[in-house]
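Just need the whole structure built from these sequences, with the hints factored in.
Using the numbering used here, read the sequence shown as starting at 362 and increasing by one per residue.
Just so you know, not all the hints are guaranteed correct.
What the hints assert, rightly or not - When the alpha-carbon atoms are kept at most 30 Å apart in a straight line, the in silico DSS-like pairs for lysine-lysine are as follows: (1) K363 with K416; (2) K587 with K388; (3) K402 with K363; (4) K363 with K587; (5) K587 with K402; (6) K402 with K416; (7) K533 with K587; (8) K363 with K388; (9) K388 with K402; (10) K416 with K388.
Unchecked claim - Computed Cβ-Cβ distance ranges for the label pairs, DEER-style: (11) L567 with N479: 18 to 28 Å; (12) E570 with E604: 23 to 33 Å; (13) R483 with L567: 14 to 24 Å; (14) E398 with A477: 37 to 47 Å.
Think of the hints as simulated: they come from the structure by calculation, not from any bench. Just so you know, even glycine gets a beta-carbon here, dropped at the ideal spot from N, CA and C.
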Amino acid sequence: MKVLKLSNSNDVLDGATTNRPRLLAEKLEAHFGEPVEVVVKTPWPTGTMPGAIEKWVEREQPDVVLLQVVNYWVAYPSVPLRLRRLLGPFGERLAALGFRAAENRIIGPSLPFRAARNLLLRTLGGDYHFEPEEVAARVEESARRILRREGVLLAVWGPHGRSDWSVTRRQKRASVERQARLVAALQRVCRDLHVPYHASAEPVYLSGESPEFAADHFHYAESYGKASAEEEFQFLRQAIEAERGEPRPRP
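Here it is, written out as structure tokens:
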């Protein structure tokens, strides 16, 4: 069995949950009694996402596609994006500097940088990368292209909202509302396409549950990969068994 895991940077960055795809493969192998390969790709929900996913599916020829949606796409308040919108060309230059600083492995995780970000979020605010309806439309188009391939099982996972990036009550309310809009839209999409779907209408962080974070204080730590892989396995197990029936007992 080959699984194309359309995931995010947690599964590819050192120090994050890079153990998760391997653990998922091991769990599927043990349950279904056959070799399992998990291939990870990291889409970004611009207008080019459906085409990129279609090419990955064509290249990898998977049996199962796990399309994962994260609330970061719609609920992360970005100071550089706000600067870009407010200040025009000058803001564009400031935004580029801000993005580079955030991606720097020394500057990004540092206490001064995080404190400065929080201060700017309180005073200036942040803009979001995408609107929930944009993401839902691109997931729908991606799903339709995947489903054109006969014999491919598609399952959609997320968002769950384990990270709270807000620093004000207003930002938190916006985060909760935007995730709810995205989940409601994806529920309609997956229902219409008869695709298995699992998400949280409210961010998980509201319950007080939060995974351990990596050294950058942004991605999830490798220790969280085990629990996360178990959740993904249970979801995929049910989807696969519903598609092809219960696994036959091993001889």
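List, from low to high, the hint numbers that the structure doesn't satisfy. No hint contradicted; all consistent.
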